[in-house]
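As given, the protein sequences belong to chains A and B, one line each in that order.
According to the numbering used here, the residues represented by the first sequence are 302 to 501, in order.
According to the numbering used here, the residues represented by the second sequence are 0 to 225, in order.
These aren't lab readings, by the way, just hints derived from the structure by calculation.
It is possible that some hints are incorrect.
To be verified - Partial list, computed: chain B residues near chain A (C-beta under 8 Å): (1) G13; (2) S19; (3) Q40; (4) S42; (5) E67; (6) R75; (7) W106; (8) R110.
Beta carbons are placed, not taken as given, at the ideal position from N, Cα and C, and that holds for glycine.
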Amino acid sequence: MRIVDQERDDVLLRQAAKGDEEAFTFLYRRHQAALYRFAVRMTGNAWAAEEIVQDVFMTLMRDPRKYDATRGTLGGFLYGIARNRVMKHLERLPREIPLEEKNEDGTGSGIVLQDTATPASWAEKRERVDRVRAAVLELPAEFREAVVLCELEEMSYEEAAQAVGCPIGTIRSRLHRGRALLMARLEILRDVPRRATMAK
Amino acid sequence: MKCEEFETIGLDAGRDASLSEAERAAVEEHVSSCGRCAALQSSWQEARMELRALAEETSSAQAPARVEMRLRQELRTQHSAWKSRHIAVAAAWTLAAAAVLIGAVSWVKWRDSQHLAKASHSSAAVADNPSSHGGVSNSNAAAGGFSVDEDSVTLVAGNESGNYTLLPGVQPGDIEDSEILRVRMQRSALGAFGLPVNEDLANEWIQVDLVVGDDGSPQAVRLLQE
Numbered sequence: 302m303r304i305v306d307q308e309r310d311d312v313l314l315r316q317a318a319k320g321d322e323e324a325f326t327f328l329y330r331r332h333q334a335a336l337y338r339f340a341v342r343m344t345g346n347a348w349a350a351e352e353i354v355q356d357v358f359m360t361l362m363r364d365p366r367k368y369d370a371t372r373g374t375l376g377g378f379l380y381g382i383a384r385n386r387v388m389k390h391l392e393r394l395p396r397e398i399p400l401e402e403k404n405e406d407g408t409g410s411g412i413v414l415q416d417t418a419t420p421a422s423w424a425e426k427r428e429r430v431d432r433v434r435a436a437v438l439e440l441p442a443e444f445r446e447a448v449v450l451c452e453l454e455e456m457s458y459e460e461a462a463q464a465v466g467c468p469i470g471t472i473r474s475r476l477h478r479g480r481a482l483l484m485a486r487l488e489i490l491r492d493v494p495r496r497a498t499m500a501k
Numbered sequence: 000m001k002c003e004e005f006e007t008i009g010l011d012a013g014r015d016a017s018l019s020e021a022e023r024a025a026v027e028e029h030v031s032s033c034g035r036c037a038a039l040q041s042s043w044q045e046a047r048m049e050l051r052a053l054a055e056e057t058s059s060a061q062a063p064a065r066v067e068m069r070l071r072q073e074l075r076t077q078h079s080a081w082k083s084r085h086i087a088v089a090a091a092w093t094l095a096a097a098a099v100l101i102g103a104v105s106w107v108k109w110r111d112s113q114h115l116a117k118a119s120h121s122s123a124a125v126a127d128n129p130s131s132h133g134g135v136s137n138s139n140a141a142a143g144g145f146s147v148d149e150d151s152v153t154l155v156a157g158n159e160s161g162n163y164t165l166l167p168g169v170q171p172g173d174i175e176d177s178e179i180l181r182v183r184m185q186r187s188a189l190g191a192f193g194l195p196v197n198e199d200l201a202n203e204w205i206q207v208d209l210v211v212g213d214d215g216s217p218q219a220v221r222l223l224q225e
């Protein structure tokens, strides 16, 4: 049986629960990227994100009846599990920030920039991205989550509130505090290279 | 609008759908008149550019292919385990059902054989009865035929006419849809049905199966072995 792209999540899940590998693979491919992105942006760690995504789908596979289609989308349900795992990970390793993410073969970052700029501008951009990543990862988990959802995932306040399960006012307030911390942190990080250059 | 308020809602007024038009206008007005908040907004725009760069860098991030492979392997393992577990459970239930069926069939057969043996025994007893008890007495006819101990009355299913002695005046076809009552009565009561009774044994209690018609009148009788 061939599965069409538009097949609904709950239908695919029912088939997957009966052992239909194709249906499960479809579901996985449909949702994994968003979950992985969220996990990697929250943890700053590709290995942890990989483990979290795997854990989320293992949970779904072992007990698909936990998902109730009347209570929301499968994406939202999976996001809820991922969020839980991310928070647990952050609780366990509150200050862990990886220096470099490696590919499976150990060759540099797992994320490739689609950029044809000169080495100098690439290095500058790279430095800027590293700086902002470090600043985001230093935010407390709740503020970080609001920043990741609204600024990186580009969710509306309403969508973010629904995903986190809190009122819009809470998201707004967390964003406000997260932004203030982020800007302060970025100012500090921008000043470090400036001071280093001046010292030379 | 005050600076604190601007900091809370002003930096992202364009995206916050919950803000009213009046609030948006107040934000615009404030930022054009307050240098500090204008600088703050500019600083946030710069930070936002950097956030966009980070978002772009990770926008195509995907879980490595090995995760999908592991999950598919797990699904296969889990499903084959589930299948064999279900096959084992189904087999166990089938065996149990077969055992119960065999038991039930054996019991029914045993019961039927017991019933047949009993029936043939008692029909022999009824056939012997008239010759062994020659005398006839009507002493109990006035009492309405026979006395029945209520505790001993049992409704017995089935309408077998083969082992019964038809009462005088009853045709074999009349007992087709009759009920059978098992009763205890004195032998003298048989006289009320027009059957011969031995006077010496008239007061003896016997157990009989009575075939009773729709109108409640007895139509055939069978003596049971004590």
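These are the hints, each one checked on the structure:
Annotation: interface hint on B/G13 violated; nearest CB of chain A at approximately 12 Å, more than 8 Å. Violation of the interface hint for B/S19 is found here, the shortest Cβ-Cβ separation to chain A being roughly 14 Å, above the 8 Å cut-off. Violation of the interface hint for B/Q40 is found here, the shortest Cβ-Cβ separation to chain A being roughly 11 Å, above the 8 Å cut-off. A hinted interface residue such as B/S42 counts as satisfied when its beta carbon comes closer than 8 Å to some beta carbon of chain A; here the least separation is about 6 Å, so the hint holds.
About 6 Å separates the beta-carbon of B/E67 from the nearest beta-carbon of chain A, less than 8 Å, and the hint is met. Because the closest C-beta pair between B/R75 and chain A is about 7 Å apart, less than 8 Å, the hint holds. The criterion of a C-beta within 8 Å of any C-beta in chain A is not met by B/W106, whose closest approach is roughly 41 Å, and the hint is violated. Hint status for B/R110 relative to chain A: violated, with the closest Cβ pair at about 46 Å, above 8 Å.
Checked against the numbered hints given earlier, the structure breaks hints 1, 2, 3, 7 and 8 and satisfies all the rest.
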